[in-house]
Amino acid sequence: EPEVTQTPSHQVTQMGQEVILRCVPISNHLYFYWYRQILGQKVEFLVSFYNNEISEKSEIFDDQFSVERPDGSNFTLKIRSTKLEDSAMYFCASAGQGLSGYTFGSGTRLTVV
Amino acid sequence: QQPVQSPQAVILREGEDAVINCSSSKALYSVHWYRQKHGEAPVFLMILLKGGEQKGHEKISASFNEKKQQSSLYLTASQLSYSGTYFCGTDPGGATNKLIFGTGTLLAVQP
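Here the protein sequences line up with chains H and C, keeping their order.
Mind the numbering: the first sequence is residues 1 to 113 in the numbering used here, read in order.
Mind the numbering: the second sequence is residues 1 to 111 in the numbering used here, read in order.
Source of the hints: derived by calculation from the structure; they are not laboratory data.
Wrong hints could be hidden among the right ones.
[To be verified] Restraint ranges, calculated between C-beta atoms of paired labels, are given here: (1) C/ALA108 - H/VAL12: 41 to 49 Å; (2) C/TYR29 - H/VAL24: 25 to 33 Å; (3) H/ARG80 - C/ASP17: 29 to 37 Å; (4) C/ASP17 - H/PRO70: 27 to 35 Å; (5) C/THR76 - H/GLN41: 22 to 30 Å.
[Stated by the list, open to error] Distance condition first, Cα-Cα at most 27 Å in a straight line; then the derived DSS-like pairs of lysine-lysine: (6) C/LYS67 - C/LYS37; (7) H/LYS83 - H/LYS57; (8) H/LYS42 - H/LYS57; (9) H/LYS57 - C/LYS59; (10) C/LYS68 - C/LYS50; (11) C/LYS50 - H/LYS83; (12) C/LYS26 - H/LYS83; (13) H/LYS42 - C/LYS68.
All values reported here derive from a predicted model rather than from experimental measurement.
We treat Cβ as the ideally placed atom computed from N, Cα and C, and that holds for glycine.
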C-alpha cells in the first residue's frame, strides 16, 4: 500500500526559530495538503497545493508559513518564526483524481518552547 | 463553517450498532469519513458524492442527503477495532478538493 511519509516525527524548537517539516506524498497523486491538529482536537486546514502552486490557503496560513515542492517528490512546510501557539501535530496529505480520499502521513509533532 | 458532528462521544459493546451524523451549513459536493486512532493519522473510510456515487469500506456504510447538507455513517456489528475518533470532511466543490473536517465523534467499543 503506498504511503505518505513525513519527517521528522517529532520536532522541538525555540520560539522564534524556523522549522521545516517534510513530506513525501504518493507519487501519482496530484493534490497535496497540510493540516494541523492541536491536542487531538479538530483537524484544521492550512493549505492546498496543485500544479506546483498554492491553490487555496486558510486564515491560519499567514506570512510566516510557506510551502514548496522543490524537486517533484518532496513537499515542505516552512514556519519562519515559530510561536508557542504553533505547537501542534502537522499532517501532510495527498489525493489522486476521481473518487479518491486523502492519504495522510503519520504526522510531525511540533513543540515550540 | 466547521461541520458539526453528533454525538460527540458514544460507548458501545462489541456487536452493537452506531450512527454518527455530520451536518454542514454549506452546500456540499462530497463528504468524506475518516477514523483516527489515538496518536495516529486519520485513515480514509468512505467518500460520498453529490448524485449518489460512493466508494468505501466493506463493513461500514453511509448516506448523504444533499438537500439537507447532512451525512450519516453507519457502523454495524461493531468490533473493538472500530474504536477511535471519527471525522467527517466536507468538500463544497471547486478545484482544490479541500476538506473541512467536522468536530469529531469519539467512539469506544468495549468487550
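Structure-based check of each hint:
{"no.": "1", "hint": "C/ALA108 - H/VAL12: 41 to 49 Å", "result": "violated, 31 Å"}
{"no.": "2", "hint": "C/TYR29 - H/VAL24: 25 to 33 Å", "result": "holds, 28 Å"}
{"no.": "3", "hint": "H/ARG80 - C/ASP17: 29 to 37 Å", "result": "violated, 49 Å"}
{"no.": "4", "hint": "C/ASP17 - H/PRO70: 27 to 35 Å", "result": "violated, 48 Å"}
{"no.": "5", "hint": "C/THR76 - H/GLN41: 22 to 30 Å", "result": "holds, 28 Å"}
{"no.": "6", "hint": "C/LYS67 - C/LYS37", "result": "violated, 31 Å"}
{"no.": "7", "hint": "H/LYS83 - H/LYS57", "result": "holds, 19 Å"}
{"no.": "8", "hint": "H/LYS42 - H/LYS57", "result": "holds, 17 Å"}
{"no.": "9", "hint": "H/LYS57 - C/LYS59", "result": "violated, 35 Å"}
{"no.": "10", "hint": "C/LYS68 - C/LYS50", "result": "holds, 12 Å"}
{"no.": "11", "hint": "C/LYS50 - H/LYS83", "result": "violated, 40 Å"}
{"no.": "12", "hint": "C/LYS26 - H/LYS83", "result": "violated, 32 Å"}
{"no.": "13", "hint": "H/LYS42 - C/LYS68", "result": "holds, 23 Å"}
Taken one by one, the earlier hints fail for this structure at numbers 1, 3, 4, 6, 9, 11, 12, listed in ascending order.
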